[in-house]
Amino acid sequence: MKRTDREKEFSRRIVSRRALVLGGLQLGVAGALLWRLRDMQLEQSEQFRLLAEENRINLRLLPPTRGLILDRSGVLLAGNEQNYRVVIKRDDAGDIDLVLARLARLITLSEDEIERARRDMLRNRPFVPVTVAERLSWEEISRVASNAPALPGVTPEMGLSRSYPLRDDTAHVVGYVGPVSERDLEALETPDPVLLIPRFQIGKIGVERLAEDRLRGRAGSQRVEVNAVGRVMRELDRVEGTPGANVHLTIDATLQNYALERLHGHSAAAVVMDTTNGDILALASAPSFDPNLFVRGISRANYSELLENNYRPLVNKTVQGMYPPGSTFKMVTALAALDAGVTDGRETVFCPGHMDVSGHRFHCWKRGGHGRVGLVSALSESCDVYFYEMSQRCGIDRINAMSTRLGLGIRYDLPITSVAGGLNPTREWKRANRNAEWQVGDTINASIGQGFVLSTPLQLAVMTARLASNTAVLPRLIRDPLERGDTRAASLELRPEWLRMIRQGMDQTVNDRRGTAYSSRVVADGQRMAGKTGTSQVFSISRAERDAGIRRQQDLPWNRRNHALFVNYAPFDAPRIAVSVVVEHGMGGSSTAAPIGRDIMLAALNDGRPPLAAYPAPQRNRVQYEQQELEERLRRPEDMRISRA
Amino acid sequence: MSYLEYNTRQMPAGLRKVLYLNWPLIVLLILVAGYGFVMLYSVAGGRLTPWAEPQIKRFGAGLVIMFIVAFMPLWFWRSIAGLSYVVALLLLLGVEFFGTVGMGAKRWLVFGPVRIQPSELAKITTVLALAAYYDWLDLKKVSHPLWVLLGVLIALIPALLVLRQPDLGTALLLALGGGVVIFAAGVHWGYFAALIASAVGMVTLVLQSRGTEWQLLKDYQYRRIDAFLDPTIDPLGAGYHINQAMIALGSGGWSGRGFMEGTQARLNFLPEKHTDFIFTTLAEEFGFVGASSLLLLYMMIVAVCLLTAMRTTNRFGALLVMGVIGMFFLYFSVNMAMVMGLAPVVGVPLPLVSYGGSAMIVLMVGFGLVHSAHIHRARLPS
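Residue numbers (my numbering), protein chains in the order written: chain A, 1 to 645; chain B, 646 to 1027.
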């Protein structure tokens, strides 16, 4: 519309005024923006710069090399093996299916492995390397490397993985490693961040677990620059970690191998100890298993096979297995009686084959009785009635005290898992656990290592070593270079004349024609062996079974037969080695356990192989045959890799 | 105003118009666009492709368009104001029914090889229509409720259509830009006071409606509001963008981390680093010096344009310039406030600097109109 000049001027004034107001407002807003900019860029810039650096820089841990586990002479028990593997990156591979199909023609890949690799690749970001196959042979890896042009995105890599070159031999002692689990992390108060690295492995059982801190080492670190999706752009710097320390065990790999193979075919345990310092030279639990299976991730089939085996290969029977010690316990009862002063050891007790106590009849294993027996012959002929009598005189409390003094019923602090404490039954124990009062019969049973008494093969070996040395030796599994040798165990303070009688009893057990282990004697000079057999009842043959004609152990199913035990030490005049053997359901200590105990003892005294000359002449033919058979299974010295580390 | 109103002797004609262009404005525009070229070159990792080169070409084309628009007589623009407004409305309705969907919103119309974004066009046409409306309206009726309502409707109809796409950022800019023209035309203060009061009420309502059946905004818009109010709630989700933007901006310090040295941009922590968040890259690499100098250039553009508006007695020209510059100011202030964590993330580009074709062309058309008003200003009788 047509406007007059006055109207135009009026309009211009209004617009100008409003323009000034708007300009003022805009200036205000711009001022606020500038203020905010100043605040962020000048006042808080340090803080934001720090956040930007946190964004950009990623700290990566470099897993340390795990320490080695070595035997007493440096034989490698657990080492780190070069492991060749093939990894693939999706964004470099292009057509995943094509590349995987080509790869499957070069190396053996199962359908499952291919499928898993494909899934991992699609789940991760395209630049994340995914492991397709592990533990490839040198031939396979070189085939992959030489075909690299046809395999985009595929790279052969080398890593370290735990390996146990002696396989079954030391599985129960050394244990194995496995991927870190939630439970492993929960058990730790402040978990080492290195444990969170994917695929990092931690000791699961045995020395691997208990010496974890020493073996693991300290992680190094690497600072890398990453982009927003986490791809590494470049390495900024790197701090090398410290590898884990090596652990030297007291185990003698040769002897361990011998002991385990000697137990072959049985569900059994054997412990060999140095009586002078407690070094455990062998800790064999048969049957064993291959720990390498666990490192690689054991298959369900293999695992259930191990679980369902009647001989329980996964259990370390040397420290976990608790058995009634049977007659091997009689030294304890004898010493308790001597210590209590209720006998001088020379007086004799008449054994008619049984003893009646408060209306019950307790039998001797020899139905016809031993006649008059003294302490020495009671031990060597294993007369039960003598010890029934002694236990009645000194009581369960003194037997328990002596049992503890000799090392039974104690849980030893060894760097292996599931060490059991055994059981020295007391009145209080029975009241608490059986809700019953202690009976006279309980003491009688305990006096011959039956009833409630339970011991582990390790404890029996400690007892034998203590009897042989008269010192309170403690078992030792790790040779610590810092405390080499001079820690002599305290004296047991048993009177020499008592020990002389005990030792004489053990000597005659083996070397006296009437001794229970006479057929397992050693005839070599300077290797004379003393020992004690034990046969502990698991089930008694019931009247019904007796009526059905079952009289002998052989007629019973395996798992109801008696346990066979044998403890021994040698040389008799200057003891160095103590051995304990428990054969589960082995039926007889003298028939089954004693020959094994002798062989292991001779192997320990003779660098791992018993000399034929040490056996009584009439047995040599048979022994030679057995030795040849065994030799085929034994590891040759050249198979044992000595690590100079 | 009509052709007859022109005092033709006072108007520059033909090539003489070049001399009467607003040259300071042209220099400022080129400087600001230059900031954009440098940053686009940097965020592409030191390459002209894929962003810097097309942007330079578009800016060149934009300048040509600006000159064409500038040389057109102002009365021409006034006479097509109503028509262009209706066309833009129709196109917006077209988007409603035939639009192509991109990133969860319908914004584009496709005619063969040509893709147009009617919401960009609506920014110019709304300002044109309002300026023409208030030029036509009797000065005495400006504050009359009925005529105020008509002005408000002119601004709100395209805004509501854009809001339905949905594009909250552009809708707000349209409404506020229209508000600037209405304010400049001299509508009574009371209306604005009432508007601010009702806006506060509206915000309350929007926030209250959340989670109910009549929820007024999309869920993602609410999440943006949450992230804006407290970016630390969800540093990897909705708050991620704004957190990373603030880190980039703050870490620039006084003089920045150096050209192409910004880690946030180079390592892709910044989202949309070449479009809506380009200011953060500038602030990261050139620091306070770079960022505040860009703000200063923007404010100089605003000042130059406001002076043009104040110096003309041509009511249409003055209102048009006020509208264009109001829209321009809203663009960069909302964008900067957004990346500095002072406003919600609403997807508003930084004018002339962010990579993008439609917005650039529309802005250059807008500045062409400013030039046209400047060249064809009715000079005061001396």
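Source of the hints: derived by calculation from the structure; they are not laboratory data.
Worth double-checking, as some hints may not be accurate.
To be verified - Residues of chain B clear of chain A, computed beta-carbon distances all greater than 12 angstroms:
(1) Leu728
(2) Asp780
(3) Gly901
(4) Phe933
Stated by the list, open to error - Within a straight-line C-alpha distance of at most 20 angstroms, the following computed EDC-like cross-link-like pairs (lysine to aspartate or glutamate) qualify:
(5) B:Lys785 with A:Glu7
(6) B:Lys786 with A:Glu81
(7) A:Lys204 with A:Glu81
(8) A:Lys8 with B:Glu906
Said to hold, decoys possible - Here are a few chain B residues that sit away from chain A, every Cβ distance over 12 angstroms (derived from the structure):
(9) Pro669
(10) Gly727
(11) Leu794
(12) Arg911
(13) Met967
All residues carry an ideal CB built from backbone N, CA and C; glycine is no exception.
We went through each hint and held it up to the structure:
1. Leu728 (chain B), annotated as away from the interface, keeps every beta carbon of chain A farther than 12 angstroms; the closest lies near 19 angstroms.
2. Taking the minimum C-beta to C-beta distance to chain A, about 9 angstroms, the non-interface status of Asp780 (chain B) is violated against the 12 angstroms cut.
3. Once the 12 angstroms rule is applied to beta carbons, Gly901 (chain B) is inconsistent with being away from chain A; the minimum gap is 9 angstroms.
4. Annotated as non-interface, Phe933 (chain B) brings its C-beta within 12 angstroms of a C-beta of chain A; the closest such distance is 4 angstroms.
5. For the hint pairing Lys785 (chain B) with Glu7 (chain A), the CA-to-CA distance comes to about 10 angstroms; that is within 20 angstroms, so the pair holds.
6. Of the pairs offered as hints, the one joining Lys786 (chain B) and Glu81 (chain A) is violated, with about 94 angstroms between alpha carbons and a cut-off of 20 angstroms exceeded.
7. The suggested pairing of Lys204 (chain A) with Glu81 (chain A) holds, with an alpha-carbon distance near 18 angstroms, which does not exceed 20 angstroms.
8. Between the alpha carbons of Lys8 (chain A) and Glu906 (chain B) the distance comes to roughly 55 angstroms, so the proposed pair goes past 20 angstroms and is violated.
9. Its beta-carbon lying about 16 angstroms from the closest one in chain A, Pro669 (chain B) satisfies the requirement of being farther than 12 angstroms from that chain.
10. For Gly727 (chain B), the shortest C-beta to C-beta distance to chain A comes to about 15 angstroms, beyond the 12 angstroms cut-off, and the non-interface label holds.
11. For Leu794 (chain B), the requirement that its beta carbon stay farther than 12 angstroms from each beta carbon of chain A is met, with the minimum near 20 angstroms.
12. Against the 12 angstroms criterion, Arg911 (chain B) falls within the reach of chain A, whose nearest CB is about 8 angstroms from its own CB.
13. A beta-carbon of chain A is positioned within 12 angstroms of the beta-carbon of Met967 (chain B); the least distance is around 6 angstroms.
When the structure is compared with the earlier hints, violations turn up for hints 2, 3, 4, 6, 8, 12, 13 and for no others.
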